[in-house]
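Asks: For chain A, the structure is supplied; the task is to place chain B on it using the hints.
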Amino acid sequence: MKKLLAGTALAFASMSGASFAADTTACLITKTDTNPFFVKMKEGASAAAAENGIDLNTFAGKIDGDVETQIAAVESCIAAGAKGILITPSDSRALAPVVGQARDAGLLVIALDTPFEPAETADATFATDNFLAGELIGQWAAATMGDTSEAKIALLDLNPSQISVDYLRDNGFLQGFGVDIKDPTKMGDEDDARIVGNDVTNGNEEGGRTAMENLLQKDSGVNVVYTINEPAAAGAYEALKSVGLEDQALIVSVDGGCPGVQNVADGVIGATSMQFPLLMASKGIEAIKAYAETGEKPQNTDGLDFVNTGVELVTDAPVEGIPSITSEEALGKCWG
Amino acid sequence: MSDTTQPTRKGQEFEQTLDASDKTVASFEHESRGFVDRLQHALHSNPTLVPVIVLIGAVAVFGLIAGGKFFSAFNLSLIIQQVSIIGILAAAQSLIVLTAGIDLSVAAIMVLMAVIAGNLSVYMGVPPVLGLLASFVGGTAAGLMNGLLVTRVKLPPFITTLGTWSIFYALNLWLSGAQSIRSQDIDANASILKFFGNNIALGGARITYGSILMVAVFAVLWYMLNKTAWGRHVYAIGDDKDSAELAGIRTDRTLLSVYALSGFVCAIAAWASIGRVGSISPQAFYEGNLQSITAVVIGGISLFGGRGSIMGALFGALIVGVFQSGLRLAGVDVLWQVFAIGWLIIFAVAIDQWIRKVSA
Numbered sequence: 018m019k020k021l022l023a024g025t026a027l028a029f030a031s032m033s034g035a036s037f038a039a040d041t042t043a044c045l046i047t048k049t050d051t052n053p054f055f056v057k058m059k060e061g062a063s064a065a066a067a068e069n070g071i072d073l074n075t076f077a078g079k080i081d082g083d084v085e086t087q088i089a090a091v092e093s094c095i096a097a098g099a100k101g102i103l104i105t106p107s108d109s110r111a112l113a114p115v116v117g118q119a120r121d122a123g124l125l126v127i128a129l130d131t132p133f134e135p136a137e138t139a140d141a142t143f144a145t146d147n148f149l150a151g152e153l154i155g156q157w158a159a160a161t162m163g164d165t166s167e168a169k170i171a172l173l174d175l176n177p178s179q180i181s182v183d184y185l186r187d188n189g190f191l192q193g194f195g196v197d198i199k200d201p202t203k204m205g206d207e208d209d210a211r212i213v214g215n216d217v218t219n220g221n222e223e224g225g226r227t228a229m230e231n232l233l234q235k236d237s238g239v240n241v242v243y244t245i246n247e248p249a250a251a252g253a254y255e256a257l258k259s260v261g262l263e264d265q266a267l268i269v270s271v272d273g274g275c276p277g278v279q280n281v282a283d284g285v286i287g288a289t290s291m292q293f294p295l296l297m298a299s300k301g302i303e304a305i306k307a308y309a310e311t312g313e314k315p316q317n318t319d320g321l322d323f324v325n326t327g328v329e330l331v332t333d334a335p336v337e338g339i340p341s342i343t344s345e346e347a348l349g350k351c352w353g
Numbered sequence: 045m046s047d048t049t050q051p052t053r054k055g056q057e058f059e060q061t062l063d064a065s066d067k068t069v070a071s072f073e074h075e076s077r078g079f080v081d082r083l084q085h086a087l088h089s090n091p092t093l094v095p096v097i098v099l100i101g102a103v104a105v106f107g108l109i110a111g112g113k114f115f116s117a118f119n120l121s122l123i124i125q126q127v128s129i130i131g132i133l134a135a136a137q138s139l140i141v142l143t144a145g146i147d148l149s150v151a152a153i154m155v156l157m158a159v160i161a162g163n164l165s166v167y168m169g170v171p172p173v174l175g176l177l178a179s180f181v182g183g184t185a186a187g188l189m190n191g192l193l194v195t196r197v198k199l200p201p202f203i204t205t206l207g208t209w210s211i212f213y214a215l216n217l218w219l220s221g222a223q224s225i226r227s228q229d230i231d232a233n234a235s236i237l238k239f240f241g242n243n244i245a246l247g248g249a250r251i252t253y254g255s256i257l258m259v260a261v262f263a264v265l266w267y268m269l270n271k272t273a274w275g276r277h278v279y280a281i282g283d284d285k286d287s288a289e290l291a292g293i294r295t296d297r298t299l300l301s302v303y304a305l306s307g308f309v310c311a312i313a314a315w316a317s318i319g320r321v322g323s324i325s326p327q328a329f330y331e332g333n334l335q336s337i338t339a340v341v342i343g344g345i346s347l348f349g350g351r352g353s354i355m356g357a358l359f360g361a362l363i364v365g366v367f368q369s370g371l372r373l374a375g376v377d378v379l380w381q382v383f384a385i386g387w388l389i390i391f392a393v394a395i396d397q398w399i400r401k402v403s404a
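Chains A and B, in that order, are what the protein sequence lines are.
Every number in this note's numbering is 17 more than the matching position in the first sequence, counting from 1.
Every number in this note's numbering is 44 more than the matching position in the second sequence, counting from 1.
Chain A on its own, in the form it takes in the complex (with noise of 0.2 angstroms):
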């Protein structure tokens, strides 16, 4: 009977074996199972590796910065003989040790939406230029306003640790509507006097708020408004409104979530710099099949150390030399 067992068990191996030895296996890693850019970029992944008949293994650290899971998941893909792993790091730096590990054997490693410090921990990063998502808002608010030197602008970051796409976003829009930015790998070590300042939102509608609020009490003129993402910026728009400011106000943000572009339509946002968590998963399996098939692995976009993914500006009041789409358009686009 034991041995009836072992037996069948063998052969249940070697089949599975089999079966799996003429597929590749993939994984991907994300910070969270909850945020709908994530969702967004599962549902990305699982479309392309269905497509290109790889078997996919996802795995989510239960909130964001949650290193322990993460790490689990890549020494898991490890020992699952994957191919490739294609991963949003929690934490830029804490997760190097793991990932040299995978690389040492064999995997291909693509940092997807948030880069690795140094970008070259991974093999690629595929993720949104999010310096330029932030200039071409700045070029547009700098555009719609005309004359800026009469221009008051409050700055909606992330929360105060200076992570990359907070200064990235922040920088990229305060150089765009054209404001010496000094070090641009920080915020507020600029000394425009067009600057009244900035707070913090902790990227959702109840910061936005609070942070708004703060800003006008320092300043109640503020016309121009940079938020680090769409929640933020609904925030900011309902502290306007309380007092009666919500026309005084260019509001600009950076994400491309679906009601982040509704409220573009409904003209609580004036612009809004959209991403693409879908293509960098599904761009992410497609570099994996090729490694898996012919070892090569993906090349930089040119003048940066990532692959860019794409951003596109939307907006309904679109200026000249700024391309563009419309709120309508990005609706077919959005995320989430």
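To list a few chain B residues with every Cβ distance to chain A over 12 angstroms, as calculated:
#	residue
1	Leu-62
2	His-85
3	Ala-104
4	Leu-290
Subject to a maximum C-alpha distance of 20 angstroms in a straight line, what follows is the list of computed DMTMM-like cross-link-like pairs (lysine to aspartate or glutamate):
#	chain 1	residue 1	chain 2	residue 2
5	A	Lys-203	A	Asp-108
6	A	Lys-79	B	Glu-331
7	A	Lys-235	B	Asp-377
8	A	Lys-199	B	Asp-377
Hints were generated in silico from the structure; no laboratory data involved.
Where a beta carbon is used, it is the ideal one built from N, C-alpha and C, also for glycine.
Replies: What follows is chain B alone, placed relative to chain A:
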């Protein structure tokens, strides 16, 4: 009549030495207390004094440092508006802390109930009043669940609510898909959800209905805790549950009612939060539980239970708001605001420990 009170008869010779001895009757010692001693006693009998003094002091100091921008009617009313949600949560938290418990799930209950009210009335076409009613029933049930786990299953409140915090948070993300309900959609379908966002302009001040609601919640709970038998029972249980039981108080039943009431208050906070934020955000108030505990502690309510006034939590919430606003207007970085609040908590608990050393 000529007799005086003085004994005339002289004692026998061997007794006469006693005349030189002390004739006062035995009594308690009335040592003249120093200022510190008297302060310690005053604080012990009235623990809300500390937060009141700190609040007045903070307003005065920031008025001097940050000047007119801080001290304007508008800014002061803004501070009240900004702390109103954490304030109401702190009221719910106080109820639990007074029974020597702690509730890590208050903010999670609140956000979940806001999402339930929003989903029902904005997306599912249920009349908004019924949506709100569902959130009140849900909030009370969530509180009751905590209460049952504490009283029936005998789990420590910390562990119970650590668990339910995750459970309610997960349900919230599931129901909302982690996606906010937009302000415009609420306006179009269920504007009553934003009722507490309306405000009364009073001079330069803007008093939102939410601010008034916060004060009302505290007033009602203060009355319940101080003027009813139920309230005395709550304090007695927090002070010493076993003695309270021996004194004939049905402790488990009272505890259940406290947790259910706390959940109900969280549902009130949910309604107020929709008005305050404008939209329904499943990601907001993630640290609301800790902020409510901060307000309670700074408000001089003892984490060991049974001591402190619920009004302290109101002052505690206001102190945090005043510090944040004042430091911000003085141009201090967010980092250092967090730093200052941290020291406030330690200062408050140190004071509490010192006051506890007084023998009653």
